[in-house]
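J.: The primary structure of each chain is shown beneath.
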Amino acid sequence: MVLNKDGGLMLKKLGIDKTELCIILLTLTLITFPFIGAPKSVLLYLFLFFVYMTLSMAWNLVAGYAGLVSLCPPAFFGLAGYSLAIFTLLKFSVCVAIGVGILVAILFALIISIPIFRLMGIYFSISTLVIPEALRIAFFLWRPIKGTFHGGGAGYMIPVTEKLKMETIYLFSLFVAAFSIYILKKIKNSKFGFGLAAIRDNQRTATSCGINVYKLKLQSFIISAILIALAGSVFYIYQGFIEPSSAFNIKWTMIAMLSTVIGGMGTLFGPVMGSAFVTFLHFLLARYGNLSLLIQGVILVAIMLLLPRGIMGFLLGKSNKVY
Amino acid sequence: MMDWSVIIMGIMLGGLYALIALGLSLVFGVMKLINVAHGDLIIFATYLSYAFLTYLKLDPIISLVVIAPLMFFLGLMLYLYFFAKTSSEMPEAPLIIAFGISLILQNYHQILWSPMSRGLTTSYSLYSLVFKSIYIPLSYLLNFVVAIVIMLLLHIFLTRTYLGRAIRAASQDLKAAHLMGINTQKVFAFAFAIAMVIAAIAGIFLGLTFPFNPQSGVAFLIIAFGVVIIGGLGSMIGTFLGGVILGLAQTLGGYFLGSASQMLVVYLMVLLILAFKPQGFFGIK
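Protein chains in written order, with numbering that gives the first Met the number 0: chain A, 0 to 322; chain B, 0 to 284.
Since the hints were derived computationally from the structure, they do not count as laboratory data. Note that the coordinates shown come from a computational prediction; the quantities given were computed from them, not determined experimentally. Positions of the beta carbon are idealized from the N, C-alpha and C atoms, including for glycine. There may be inaccurate statements among the hints.
Selected chain A positions facing chain B (Cβ under 8 Å, derived; list incomplete) [said to hold, decoys possible]:
id: 1; residue: Leu27
id: 2; residue: Ile125
id: 3; residue: Ala137
id: 4; residue: Leu140
id: 5; residue: Glu242
id: 6; residue: Met253
id: 7; residue: Val260
Starting from the given sequences, assemble the full structure and let the hints guide the process.
T.: Listed below in structure tokens is the structure:
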């Protein structure tokens, strides 16, 4: 994008840079889509893309920026979905239900941070793998309120889905995705972001430079939990049905990880490209079920071996270290 | 009145869990990699043995003669073509690759074997020994005996042979081992392959004990991880005791809270131990 001097000055006055301008323009274009009569299928494509993008943004924040390879996104995703289902069934408004979902995610992140933040590296990763599994069983056994269905893990219908139009859901997902990219952009070039990068590269050095490692890690974990909870709420507003084995499914980690790894970990636009690719892949392979996930696994391994820094890393070249 | 057979079954189940964790612990000790695909590789061996049982009517324990070398070879290949090839720039790369392999195996199993739950049913798998009021399934007893035998063999291998000593040296100090003329790549590859053989044995006894489905891998990975956490790394006795503790947690949890929540008890236990004693109870460190 070429800007003349005056344009550049104007942007400076408004306090935004070129990247932000691109994001804003793109968001504005995408907002018009439902109004100019874009077909439903396109909206659905984009909706899923936005959900995946938010998920991978959130995962990139902890794994790419802070170096904490967390395997517990499904926990926040499912908890937000369940909060949404339960509170809308209790006749609260959607906004309240989403708010509760975010609060639950924050609280849960705080609680699990006590055991898992004492661990480093690989221990951290595996301990986060336990959490969605435990939640899945917990929600199989525990039915907070009565729903249309009976029995252990029968799940709930989410009543709002029928009331909302696809266009509204689309706009909401767009808003969430734009919000996530805005947050990540702000973090990347802030003191907070540099602190996280320092922790990722060498925790001991970071500590001795006076960085409060625990606090920064926790903050990034909570922000990521909020974003994942938002993605989960949006997704389940569309889905209209929730049950434990899909809500706390490892596939959410997979989507976030695959998108981020394909795009390039620790880059701002890597996850955007990666999730576009993954969305495309999902629609392409939608008919094949398990084969689709198998192929995604193969791609994940292949990218890690051939292009360990993803598309963005490849584009930026070897000389320019992405991190 | 407490049912004693619950406790004895828990202890014997611990043998199986120790066996499941042994491969994970070996790979972690040497390569500092938690092989997230370990559970699925175990289930892979179980399905292989299931295939031999259904199509060739081969007893699972005898099929080990074929499956163990196969898994050894698979381990070598996995290490040489995947884990050895990762760039040193990204410390997370091996973990993500293991995660990818886990996904590939899970979905491969689903496609090939359907998501249905299956079991290795043999003439002796439903047989039980009865002493007065205590009742022990034969498969549990087998687990326990095999676990002890394998651990003894592994101990002898690690202390008495050149390769075993090299593996131990590499796990203690990689750089020093390298300077002593140990081919560390070779040691890593063999350690991974041996871990896979143990995984094959664990997989077959797991199939004799529990029903399994393509998703079981994650549950057994968590159990293996829990055992390693409780037992601490590098301690064979710790691993064994860790297995027994989790085995007891599971059977007692199932006894008191119902079989649906027995795994929840195990998971909560793993999280609690992580919270209060992350270095384990018997770790050398």
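J.: Which constraints among the numbered hints does this structure fail? Numbers only, ascending.
T.: Hints 1, 5 contradicted; others consistent.
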